[in-house]
Amino acid sequence: MLDKMITSHTSQVIKVGIAQLDVVKMPDTIRTSGLGSCVGVVLYDETKNIAGLVHIMLPDSSLARTETINAAKFANTGIKALIDMLKLAGVQPFRLKAKIAGGAQMFKFSSDNDSMRIGPRNVEAVKRELVKNSIPLIAEDTGGNSGRTIEFNPGTCLLSIRTVNQGVNEI
Amino acid sequence: MSEIQKITSLHLDVLKEIGNIGAAHAATALSSLLSRKIDMRVPKVEMVSFNDMMELAGGAETVVVGIYLRIEGDSEGSMFFILPIEQADRFIRRLIGDDLFSFSNTKLSELGVSAMQELGNILSGSYLSALSDFTGMKIFPTVPGLSVDMFGAIISTGLIEISEVSDQVIVINTSIFEEGFDNRNEVHGHFFLLPDPDSFTNIFKALGVG
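Residue numbers (the working numbering), protein chains in the order written: chain A, 379 to 549; chain B, 42 to 251.
Read the hints as simulated data drawn from the structure, not as lab findings.
There may be inaccurate statements among the hints.
Derived pair list, reagent style DMTMM-like, types lysine to aspartate or glutamate, alpha-carbon separation capped at 20 Å [to be verified]: (1) A/Lys-393 - B/Glu-102; (2) A/Lys-393 - B/Asp-93; (3) A/Lys-486 - B/Glu-117; (4) A/Lys-486 - B/Glu-151; (5) A/Lys-486 - B/Glu-159; (6) B/Lys-246 - B/Glu-117; (7) A/Lys-458 - B/Glu-205; (8) A/Lys-393 - B/Glu-96; (9) A/Lys-393 - B/Asp-208; (10) A/Lys-505 - A/Asp-438; (11) B/Lys-57 - B/Glu-117; (12) B/Lys-246 - B/Glu-58; (13) A/Lys-486 - B/Glu-113; (14) B/Lys-57 - B/Asp-174; (15) A/Lys-510 - A/Asp-462; (16) B/Lys-78 - B/Glu-127.
With the sequences and hints as input, model every part of the structure.
Pasting the structure below:
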């Protein structure tokens, strides 16, 4: 359902917490703060100016040792849940494109503890999931060892990324 | 695994005592290192959501100096020592005698960084050896890592292990502050001990409250 009215309300920034997801429509923007090894996945439809963001922590829901799972926490279930949410907002999945950021390694350790490599594993899992859903990855800012705060504007389809040392960068 | 759900108020008191003993030793070590009076607050043991965890040190985007290490052995978990930039600057300036040193500089002096790393080493070492003496558990800290970055990015490193089991985290939070530095009693540093969910049983057993 297309909203033909040009909304005149001032734009809002919708905040997404860790292991959460949400969807916005122009002129609102969507933002998540302090991504470390987590990955922020933005899926958007540039024809409808609608975008969704999920802040994922872990690569795969098979890692869960709980009975009920929070879908937004994992790459595989989180991306699926976000696609479903975007469908409800009137988006056709074949129009979706993706931009992603995060997956850093905040601390360097010699330890071979698997959780230390979680950033790169999250990024790999997100990419696998995008391929599986035939969603093209348009841009990414991943890896490294800096925290990131990201904000996506569904009007311009630009993802702005802020780090402590490099300021703001748009992809 | 629903270990986390089975925790009673007696258990919480035991965890508080761990925070108390650990942080008291660390504060003493810090105090003698800097020849300044360092005080601590009564520890708080809280069960919080990941997002509430972000608020314990001023929000996910607040830039802090963070020391992080993993604890291995009879009890496993993550430990953080978090300082606001200005407080870390004050500590390190005094330690290395360089009044220009600041963690907000993009190019950090090597001396300052290794002083901070050493400070983290000493403080977490005294926290954890007190914990080990108190519980009789053998625990081995990894070499601490240092990061100057957004609090959310730093602390989420310690939530990964827990997030496989739960959407909430039990955090033993002890704050320290430098006495006489300002009258507003502003909190200047935090020790966060985040035991892995499977470790609670061992901690309680070691302290006879299984």
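Hints, verified against the model:
| no. | hint | in the structure |
| --- | --- | --- |
| 1 | A/Lys-393 - B/Glu-102 | holds (12 Å) |
| 2 | A/Lys-393 - B/Asp-93 | holds (14 Å) |
| 3 | A/Lys-486 - B/Glu-117 | holds (19 Å) |
| 4 | A/Lys-486 - B/Glu-151 | holds (16 Å) |
| 5 | A/Lys-486 - B/Glu-159 | holds (16 Å) |
| 6 | B/Lys-246 - B/Glu-117 | holds (14 Å) |
| 7 | A/Lys-458 - B/Glu-205 | holds (19 Å) |
| 8 | A/Lys-393 - B/Glu-96 | holds (14 Å) |
| 9 | A/Lys-393 - B/Asp-208 | holds (19 Å) |
| 10 | A/Lys-505 - A/Asp-438 | holds (12 Å) |
| 11 | B/Lys-57 - B/Glu-117 | holds (17 Å) |
| 12 | B/Lys-246 - B/Glu-58 | holds (15 Å) |
| 13 | A/Lys-486 - B/Glu-113 | holds (17 Å) |
| 14 | B/Lys-57 - B/Asp-174 | holds (16 Å) |
| 15 | A/Lys-510 - A/Asp-462 | holds (15 Å) |
| 16 | B/Lys-78 - B/Glu-127 | holds (17 Å) |
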